[in-house]
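Q: The residues making up each chain are set out below.
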Amino acid sequence: DTGVSQNPRHKITKRGQNVTFRCDPISEHNRLYWYRQTLGQGPEFLTYFQNEAQLEKSRLLSDRFSAERPKGSFSTLEIQRTEQGDSAMYLCASSSTGGSSYNEQFFGPGTRLTVL
Amino acid sequence: AQRVTQPEKLLSVFKGAPVELKCNYSYSGSPELFWYVQYSRQRLQLLLRHISRESIKGFTADLNKGETSFHLKKPFAQEEDSAMYYCALSGLGSQGNLIFGKGTKLSVKP
Chain A
1 DTGVSQNPRH KITKRGQNVT FRCDPISEHN RLYWYRQTLG QGPEFLTYFQ NEAQLEKSRL
61 LSDRFSAERP KGSFSTLEIQ RTEQGDSAMY LCASSSTGGS SYNEQFFGPG TRLTVL
Chain B
1 AQRVTQPEKL LSVFKGAPVE LKCNYSYSGS PELFWYVQYS RQRLQLLLRH ISRESIKGFT
61 ADLNKGETSF HLKKPFAQEE DSAMYYCALS GLGSQGNLIF GKGTKLSVKP
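For the protein sequence lines, the chains are A and B, in the order given. For the first sequence, this note's numbering gives the first residue as 1, with consecutive numbering after it. For the second sequence, this note's numbering gives the first residue as 1, with consecutive numbering after it.
All clues given are correct.
Computed from the model, here is a short list of chain B residues facing chain A with C-beta under 10 Å:
1. Y36
2. Q45
3. L46
4. C87
Examples of chain A residues lying across from chain B (beta carbon under 7 Å, computed):
5. Q41
6. P43
7. F45
8. Y48
9. F107
Subject to a maximum C-alpha distance of 30 Å in a straight line, what follows is the list of computed DSS-like cross-link-like pairs (lysine-lysine):
10. B:K109 to B:K22
11. B:K102 to A:K57
12. A:K11 to B:K9
Quick caveat, the hints were computed from the structure, so don't treat them as lab data. The C-beta atom is built at its ideal place from N, Cα and C for all residues, glycine as well.
The task is simple: from the sequences and hints, build the whole structure.
A: As structure tokens, this is what we get:
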């Protein structure tokens, strides 16, 4: 499967715990995005990487959230001291800055987080 | 403010009927508009983008800058078109992060 993959697909945690999600983009894509989607809403942008550099962060990304893309390949999103309001689907997408699919974002299946 | 508005949460039509999913946007610069679709139990995928001017699965969308709209149309709906549809925008030449609408659920009845 050459698409974007995300792990885990589901995560249930207790309030106050830390969680980490992983995203593996399409291998030749240099851009990687994280979005959050809550029930009844469209995806909301969280942060964006070009290669290993984190170039933009949304105001939605509180200090409890941190994202990395250490070698410009996979990315991790960590949420510290989770709150019930963090319950959502976390989506990862990747895109290329060249070729016929320029800037077309390919989405992963998402990680559904439930904070009890 | 940068915003995408999809006024209908749910649109229900019969097979063979025309369908129009509305999308209006607010953006200060030059936007690039997209329609994404999510079929049941599948991931979000691009349906079409305004700069490519393609017709995908019989769907078309025209960017109307005067009315700041990018409505999605299909002359004859099929049952397999039933899905969640999201309109989205990014800035032309920007880094590409997307601003999504809340989505419209299309239900095509037999």
